[in-house]
Every structure is written in C-alpha cells, then in structure tokens.
Amino acid sequence: MHLLRRIAMSLAISVFLMAPAHAQDASLQDILQTHAEEIADPSRRTVGETLDALVATGHPDLPEFLTRWQSREAWQRDADGLFVYIEDEDADPLVLLDISTGETVGEAGSREVTQLRPNGGVRRVIGGALVQFQLGAEDPAARLDALEAIGNDPDESHLPLIEARLEVEEDPAIHARLDVLLPALLIAFAEDDADRVAAIQTLDGNVSLDARATLNRVLATRRFVGAELPADTNVAAILSPGTGPLPRDEAYAMLVSAELAPARISREDQRAVLAANVVEGRVGGVPVATLNTEAARDTAYAALVAEGLAEPIPTEADVDAALAAHVFFDAYSEPSSIVTEAARATLDNIETRVGAYRFFDLSLDGISLASIYFLAAIGLAITFGVMGVINMAHGEFIMIGAYTGYVVQTLIADYTLSIAVALPLAFLVTFALGVLMERSVIRWLYHRPLETLLATFGISIALQQIVRQIFGTQARPFTPPDWLAGSVTINDVISISSIRIAIFLLGVIFFIALWLILNRTRLGLEVRAVTQNPAMAASMGINPDRINMLTFGLGSGIAGIAGVAIGLFAQVVPDMGSNYIVQSFMTVVVGGVGNVFGTLVGASMIGGLQKSIEWFNPTNTLAAQTYMILFVILFIQFRPRGIIALRGRAAGD
Amino acid sequence: MSIFTQNRSVRIFIGILVLFTLGVTVMSEAYGTGAISVSFTKVLGMTLCLCLAALAMDLVWGYCGILSLGHFAFFGLGGYGIGMWLMTARTEAVVRANLAGGVIPPTEAEVSQATALQIFSVVGAEDWPWMWAASDSLFLSLVLIVAVPGLLALVFGWLAFRSRVTGVYLSILTQAMTLALSLYLFQNDTGLRGNNGLSGLQNIPGAEAIGQDRISIWFFWASAVALGLAYVAAAWLISSKFGNIIRGIRDDEQRVRFLGYRVESYKLFVFTLTGILCGIAGALYYPQAGIINPDEIAPIASIYLAVWVAIGGRGRLYGAVIGAAVVSLLSTYFTGGRAPDIALGAFRIEWVDWWPVLLGLGFVLVTLFAPKGLGGLVDYVVRKDRA
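So the protein sequences, as listed, match chains P and U.
So for the first sequence, the numbering used here puts the first residue at 152; every next one is plus one.
So for the second sequence, the numbering used here puts the first residue at 1021; every next one is plus one.
Next up, chain U with everything else stripped away, as it sits in the complex:
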C-alpha cells in the first residue's frame, strides 16, 4: 500500500470520502438523526456513481488523451445488466405470489411464461428475448455487467485504434456508437422494452421486508466503496510506469510509438478498463435511480461526462470527482425547483429555466479562462501553503 505514502491526494481523498460517508450515515434516516432524507441519500449515492464514471473518463481522456464521447453507453449497459436481473427477480416474486392462490401449484414453465408476459406485454411481446437468458441468475448478471461493456469497449477500441482513428474522428465515432446503441434500445422489438426501459429497479428482490431507508444507505456505502477502490487503483496505475507511458501517448503518440511501445495495446487496455468501470458505476447507479431508459444513453449524456471532467480539471483524478460532484449536484439543486427565484422588477429569473443557459456559458468560460478546471484551484491552495 505504498500508494498511500507516495501520493498525498489519495490519502486526502480517501480521508474525505470516509468522513463524508460517515457523516451521511450519521445523518441518514436509517442509522442516524434523519437530517438527510431517503431521496437525498439516493441522490448522493448516485452522485458518487457519476464521480466513478467521471474518474474513468478522466483516465481515458485526461491521462490517455482519448476523448471518448461514448462512455455513458457503457454506464447504461451496466444499468441494463443489473436492471434485467432486478426486474426479472422482482416480477417473478410477484407472479409466484399471484399464482400461489390457484388450486394446482404452478410449474416452473408457467411461472417463467407469466413473468415474461408481465414484463414484455408493454411492448406487445410475451416471450423471453435471448438477451435475458442470464437474467434469472444474479451471478451471471454480475458477470455480464463487467463482460458486456468490457467486450463492447474491446471490440470497438480494437477496430478504432487498429486503423489509427484518432482525435476528433475518434470522438465522432464514439458518439456514433452511443447513438446507434440508444437507437437500438429505443426499438420495441429488440427485447429491452423499447422506450419504456426497465423500471421498479429500486425494489431489491428478497429484501421486501427491508425499507428503502436502509437500502438507500447500503447502496450509498457500496457506491462509496466502489469509488474509493477505483480511485486507489487508478492512482496506483497512473503512478506506475504504465501511467508514464499513457501520459506519453497523450502528449505525443507518434514519439511513444517510435520508442517501441505498442501504442494501440495501451490505448485499448485503458479504453476497455474504463468501459468496465463505467459499467460498474451504472450497475450501482440505476438501482438507486429506479428506472433506466434509452434516453439515458443519448449522445448528450456522454458529452456531459466529458464536460464534468473538463470543469473539474482533467489529468488529475480528484478533478474529475470534483467536477462530476459539483456540476451534477448543482444541476439537481437548480433544476429541482428548490432554488429561490430572483425577482428583478418585472422580470423574474427562474432557475429551472435559466440554469442550462448559465451552465452552458459556464462551460465556455471554464474552457477559455480555466483550462485546468476547478482542480486548478486546488493547485493554487496547495502551492500557497507550501510557500
């Protein structure tokens, strides 16, 4: 665990994360004073998942120089992966309860058929699509949450890096990938319930007796643990020789290639690894959100991910986390309708309406005047107290 002694930011970050988690727990409804409502606990837990996705984005963009505009597709795939299991298990329990009232006990085939009907009648189907084959097993679903985004990232990355698609072309290509995926999911007959998406994901099968207050804090803990582990792993990775090489690729790909490194393999590894991280983040996010639909994977979501990293300051791990946390929490605050409106005589500034304008102009200002993002402020403070 030399990473803790080498890298001060890891110690500080883990310290803050632990304090934050403890603080939320103490103020939660289930284990503390109840100052933080269940729904806000969920918002915080979801924010941690977004931070995890931003961390992955920072690795692939900030450290390896690949501006992917498709990483939210992996996030969504992770969500769909866990969502299929949650929905199947939950619906099956309900169906079993309904069928138990009959004179004759139901056969497994009948239960499965009735469950499928329950889930897919909304898109006019009644059979299990092939992609749900693993949905009755939690273990297989967890494997898929890692395997599906990983495999997609691997295949896509292999194709793209092999033919030396770089820079903005790669960005556009990844954007096309996420658009294709969301269009595919939007179709009713592709097996994932079209634009209805998967819903009721907050109900954990087998935990009906446990209230949402406790489940919400458990997911919060899980998200915090995942973020902490990923942060440590990422810090270890970038402080190793590997980290130097990928930074080299970012700064001058050609030169690293001439030094004899297989640039494509390094890029592919980072791309796939971050794809998997996003998948895991999504699998933790959507049980807290309760619903997932193809809109979540629309190209704009991935752009936002990049923007969070840019605002937080790319090329520094804590920057990504700060960016994601600050922007997504502020957005929740201002668009949630709880921010006070500002009255200017006859004209009234309503935050719900004007927040996107402010946000957009904020992106412009950060890009123009603070290329290092909010993380740059940290540099400023740190340097000051050393001096």
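So here's chain P without its partners, still in its complex pose:
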C-alpha cells in the first residue's frame, strides 16, 4: 500500500516537473489547440479546469494570451481554428498575427475570423488565473506589481492565491506586503466577524503605511444627521453642534442640505435680495441710501418678508432649536461594531508605536541637523572661539570649499574619487586664503575686535562678488556619488539619507581630530598659550605671529572641508555662506567660546531644539528657526558665557 502510494506520488511529481519542460518545446498554439473547443466557447463552470491545465504548462507566452483573451482581443480563424491576434480591428482585410512571435501569418476578411468573446463570469476566472500567473513570476518587481493590482481592486477569488503565495514567498519586501494584503482581504471578504477580528489583530504592531491604510479603511466614517439615532448603524461618535469637529454653521448647513431646516441667508444673499426689490429708490420702505448698516438692511428685509417678497430668515433661536431637535453623528461604513472596535484598538496600538518611531526619527533628524551646524561652526570655534577673531568671511570659506568641490568634479569624472580629492584640496585652498587674510588684515586688528568684524565683512562681500563673477549666480551642480545619494530606510517611519550619516561621521571625526590637536599636540599647547597670554607665550620662546597664522589657517581650512560636505546637499551658490554665518556664531556663543566641546554642545542644542519645535508644526521650518533664535537670545541672558563656560585664567578677563 505504502509502496504503491510512493510510486504514484513520485510519478505524479515527475510528470508535474516535466510538464513545463515539454511545454516549452511545444508552441502555445499547440497547447491551445488541445483545448480549442473550450477556449472558443468557454462556460463559467468548466473554464476553470481548462485554465488550470493551461497554467500548469507554465508557458511563457500564456500571460499575454490570457490578458488578450480576457479583454476580447484574441481571434480564431474559422478555416483551421488557428488562434491569432489582429493588428488593426478596423483594417480590411484584417492582418493576422501569430500569438507567440507576433509575425504576420496571413490576411482575412472580417467574416473569416471569429472574435473570442468570453462572458463576464469567465473573464473573472481568467483574471484569477492571470493573477496566479503573475504572483508566481520570476521577477520580484512583477510580483509586487501583481500585489499592487490586487490591493487596488481586491476580489474574493484572490484570497486563496495570496494564502498560497504567503507560504512560499521568500523575498522579504514582498512577504511584508503579503502580510498586510492577506488580512486586508480577510477583513473585506471573510464571512465570520471573528475571522475578520483575528485578521485585524494580525496587523497589530505593523507600522507600515499599507497596514495603517487598511485599518483606516475599516474605520472610514460618514457624517449623518437625523431626528434620532438609527438603531442598526455602527455609530463612531455622536457630535454636539458648535463644539470641536462640528462648528455650529456647518451643523446647520447639514440640516439645510438634508432639507430638515430652512436655509439661513448670508449677508451677501440678503444684499442680493434687497437689490432685486428696489422700488422707486426704496426697499421695503427704507431709502436705498441708508442701507449701509446691517440694522437698516435687516429692517428692509423684514419689510420684504412681511410683503411676501422674500423668504423669512430663521432667527438664532430657530437655529438653536433646530440643532437641538436633531442628532448629529459619525457612522462607520462597516456595520459590525466588533470589527470597528478591534480595528480602533489595533490602530491605536500602532499609532502609539508610530509615535515612538517618529520620535526616534525626529531625534535622528535633530542629530543630523546638529552635525550640519557643528560642521559649519567648527572652523569658527577656532577662529572666533579660541582666537577671538570675528571672521564674517567664515561663510565665504564654506562657500569656497563647496566651489572647490564643484571644480574638482568638473575635472575628475568619478564622483567618489573627486570627493576624495576635493576634501584635502578645499582644506589647502581655504587654509591658504585664511593665512593670506590673517597676514594682510587681521593681525593688525587683534586689539580691535569690533573692527575685525567690519574688515572681514568687507572681505566677505568682495569674495562673494568675485565668485559670482567667475561662476555666475545660478546654482552649480555638485553631485554626491551613488553610495551617498540613497537613504537608509528602517521602516515606513524611520529613514535617514546616507549623506546625513556621512556628515555626522565627518563631524565626529572633526571633533576628535580638533580635540586631539588642541589638547594633545605641541601646536595645540602653543595655540592655547598664545590665546591666553601672548606676551608670556612669546617670552617662553613661542612665536605668536606664526601660531596665530597657523591657527587662523586651520580654522579656515576646516571651514573649507565643511563646505565640501555642505555643498553635497545644499545649493552651491555664491551667497550660500551667509545662510550659515549667523547660526554658526550663535552655535559658538551658546556652546561657550574657547573650547571645541562647547561648540559640539551648542550645535546639539540648537539642532535638537529646532527639530523639536518643528515637531509641533512640521510644515513651517521658518517658524521653527525663528523660535529657535528667540530661545537662543533668551538663553544667552541666563548663561552669557555659554553652556560650557571657561573658568579662571583660561577665561581671559
């Protein structure tokens, strides 16, 4: 017995496995011809078997044929029963095309061929077979398309197909889609409420947009008004007019459109009625010229009503009475309250989780914005924070760094390589510019900090204009390489672009490097010595001129590197620097001058703060910036020396 079954099974399997192989050799025409009768004149009851047989062959040309057959675009030649497509239905004679190769197989008059015209029932069955075909497609994209199509136009017949597919699907993205689609179909088509509730509960914790949309569909409501609450509706909420989601005017408008109350007349309509009833310069006995107050108009209108020339306006009391006499409510389209309650509970759970993810996503955004501020400000942390020089041209060093990146990219085609070249080159260019500026201008002004501000401002507008002369005002393309262009997506809520991760890493590297330079090297020691007390440093054998020059160059060079990074996501235009200059100064001041760690804290605070304000009003980043600056202004009142204030001798005065 066992043996027999085994043999039978292995036979069956081998037949199953071999069948497609055979089918590949046979042309689709041959296969179709074996079922010619059923295809030419299909019936709703028997076509299923035929389709199963066809699908079992797995022939590659079959989907095309099924699609055409379903949409009545396939024909049969009367003479020999050959199945064909037709090039142009209106042509005469008709040109017949082969169903596999698409080549012309002959011509025929319109009476020599018969169109295959499956009826509605048959077409649905064909559609089911087609979906099955697409769901089993080799190409994951095609499978996803099929799922998309089902999602848009679900049908009960899809249910077993989806269930079957879920068992064997290996692609994680498609599997995730199936995980939502199956409950969606169950919710829509399962007979038993308990099954539907179970399906809803399988969505618990699924934060994907599809899952949320599915549940929201279950919870879709419509607003009704009636004399009393109907017994058989699934009521979502009873609304009281004039509060929350239902303003008084809107509620009354609902009554009017349901013809449960007379319309109220707006001031505009009243005016039109009055204008239509002017008799000898008077309306209802009131002279037209005096109708420039609402009271006069009401009097005139009342007179018209008394004469029967106008509709009476319901008074406020009438309106209140009408509103009180009716009940307003939102009702679910879904009749079963068990299902809607389950969906509500599940959706609430999901929303809580989404909220947590959003918060995490916002934190990522905040960190990334903080890294941008940090990167923009870190050069200033040295020139302004450590040396005390107000360099208004700092933004222009950032801009020049970005343009260096652009120029390198025009010379080196490989994006990755060009960035690798641009980073050190931008440092060199801006380092040289910084040293030049320090030697020629700033060193004469160390004892006059406010005038440094004016001189560097002059340099800033000159540099901006020179760049504008060379490169023009329009934005220059500076494109990140592919590996930086995408984004890392964790789920439908959390995603972050790769370039922001790169900027964060760059910020971390800068921070560590600068901290090491300032605190662990000879140069850093000398820099700190010179900034604290130049005369004493000089008498210890340090050359303050040289140190100042190098420090300023270092700060400028770092601004150049930051410019390359910023240029990768922001627009490279001549005045891009001015977008960063005020924020950068604020970052340094808030953090506390004189140490790199302060700048890090300042940038984190400003970036985090701005994103948290955006949380309350995500569409308005300008407002977030405004309030962030106001906060900074207030913050400085309480900690004038910044978050990390230097103490003792290091603080200078």
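Just so you know, these hints were derived from the structure itself, not from any lab.
One thing to keep in mind: the hints can contain errors.
Said to hold, decoys possible - To give a feel for the contact side, a few chain P residues facing chain U, derived at Cβ under 7 Å: (1) Asn443; (2) Ile541; (3) Leu601; (4) Val733; (5) Leu773; (6) Ala774.
Note that CB positions come from ideal geometry on N, CA and C, so glycine has one too.
Please build the complex by placing chain U on the supplied structure of chain P, with the hints as guidance.
The following block gives chain U in isolation, referenced to the frame of chain P:
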C-alpha cells in the same frame, strides 16, 4: 539754543542741510527748474533717512560703544508701521470706489472685509491679522511707529544689558534678533504678507490728486527736517553731562560703573532712543521707496549701517552722515548702471559687477589705514585752517 553757539559743527551742518534742501527744491520738478527728476528726488530723500539711521547708529556705537548689528530691524519696523496704514487706507479707498457702483450702498463691515481680502489674498488669507488693528488710524499708526521699535529695543536691551552681555557677544545677539525678525516676517501666515511685503506705499491716501512730483519733494523736506532736528538733539545730548558719561562707558565701562553710575540704565536709554530714531527714519524712508519686504531687515542691512558709520568716522555726528550719504549715493550710482564701463582691451570692467568688490576692499582699507574714517579728513582740513 546755546547748542548752536557751543558747537561749530552743528551750525555748519544745519547750514549745509538748509542750503542743500533749498538747492534741491529749486531744481525740483514741482517747485523749480526740473533739473532733478522725481525719482532722483526720492533717492535724495531716502538718503537723508539713511543718514538719520546712521546718526542713530553713531550715537549707540560711536558714543556709547555698543556695536548693534540689529538697528536696521527698528528701521524696518518703522517702515512696516507706516506701510500698514498706507496700504490699508489706500486699498480701502479703491475698494470703496469699486463697491459704490452697486445698487445697495456697502456697510462698513463689507468694506473692511473686501479690503482685507484685497490685501491678504496674495498669502491666501482673508481676515485682518491682529497686528493690523491700528492700521485704519493714522494717529495710532504714528504712535506705533515710535512705540513698537522703542518697546522692542527696550525689552531686548533690558535683557541683554542686565546680564552684562557686551562687546562682540552683544553684536552677535543683535544680529540674531534681526535675523529672527526677518524670518518671522518671511512667513506667509504671520500677517504681514510674507515675502510679498507691503507695496504701493508711494500712494498717499487722500492725496490722489497731488502728483508724485510734489509728494516726493514734501517727503524730502520731511526727511531733511527730521535729520536736522535729530542732529541738533544728538549734539545737545552728547555735549551734556550725559554725553560725557556714555563716552566714559564706551572707553571703560567698568570704571564708570565703579564711579557709581548705573551703566545699564544709560546704555538702555541710548539703545532705546536710537531704536526709536531708526523707526522714524524707516517710516519716512519706505513711503519714498514704495515697497518694503522682509529682505530689507536681513542681518546684512544692519552690518552695512555699521559700515557706513565706520567709513564716515564714528564718534562724530557728521561722520555718520557723511559715511551714509557717500556710500549709499555711490552705491546707487555704480549699481544703477549709469556709470561708464571701463574698457581694458579684451577685458571690460563693468561697474555693476565690480562695485561690490571695490566696496568690500574699501571697507578693509578704511579699517586698516583710516580708523577715523572720512570724518578724519574734516579734522585735517579744520586743523589746517586754524594753524
């Protein structure tokens, strides 16, 4: 009026201002030969307003040592203050004219509604924002032109000086203030028409029959009077004991504090007073400019104000006026496209493009080599003819 006898610069300045005003009037289109066009009259009037703002900047920076990089915010607030009234009154007149054609005369509510729609439809709103509450009254608007910049300066100054924010930190803080204000105004939903700003301000309500030629010269006179009065008042202030104290604060704040003066109060008074002066200057400036938008308040405008004072020579009132007049008129000349280009063979120097470079390098040179600014030249001449 002992100020005239005490201070020679006041006499000379007022004399020059009167002569200049008379000269412009005689050459104007409305009252004279027409040698100066209406638009150039407006440029001159606007320049006088900028001189007034520079004068205020000189008081607060040159005499009191507070380098504010936010005084143009007060200037802009004054402009918005007068602009709201001008725009409301003007639009209301137009709306009334339109509605008068109907069968039924309009009610006040309808006029107000239609006016609001006309003004705010550009930012997708149709109701009056709260800050326009005073815009239908000229008197209240004039009060606000003084009160709003004054109050902002008072509150900001009180916060900043109380916690001893000084020097470059104060500069950065004032810069943040003006940036915050301009970002706030840039938003469409904050009630001042976002980046569209206020426009049509050259049309004075109730003066439709009077041509721009006469209005332009009237505003020129008003600006000249305001500048003259402010100059005399400032000269009186700085020649008093008060002036000595604020100069003391500039030179050594700590020492003045130890002498028993309330340094913060003095600074706050100067900061607020100059804020109000800038507000008045703005209120006179923008009806001549015809349009105001948040760009005007961008931080760079306030830096320019400081640069004018530096170029003119700070710590002397006429220096600020000279600096503002020279730099802004030269900028108008060179960027207006009327300056002749210089051809250098294949290369051609176009002033519109190269003027900012020249200006920027000019700032550097003045800071490095002429810390006293153009006003220093006056010293040179004056000392020479005394010797």
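For each hint, the structure was consulted:
no.	hint	verdict
1	Asn443	holds (4 Å)
2	Ile541	holds (5 Å)
3	Leu601	holds (5 Å)
4	Val733	holds (5 Å)
5	Leu773	holds (5 Å)
6	Ala774	holds (6 Å)
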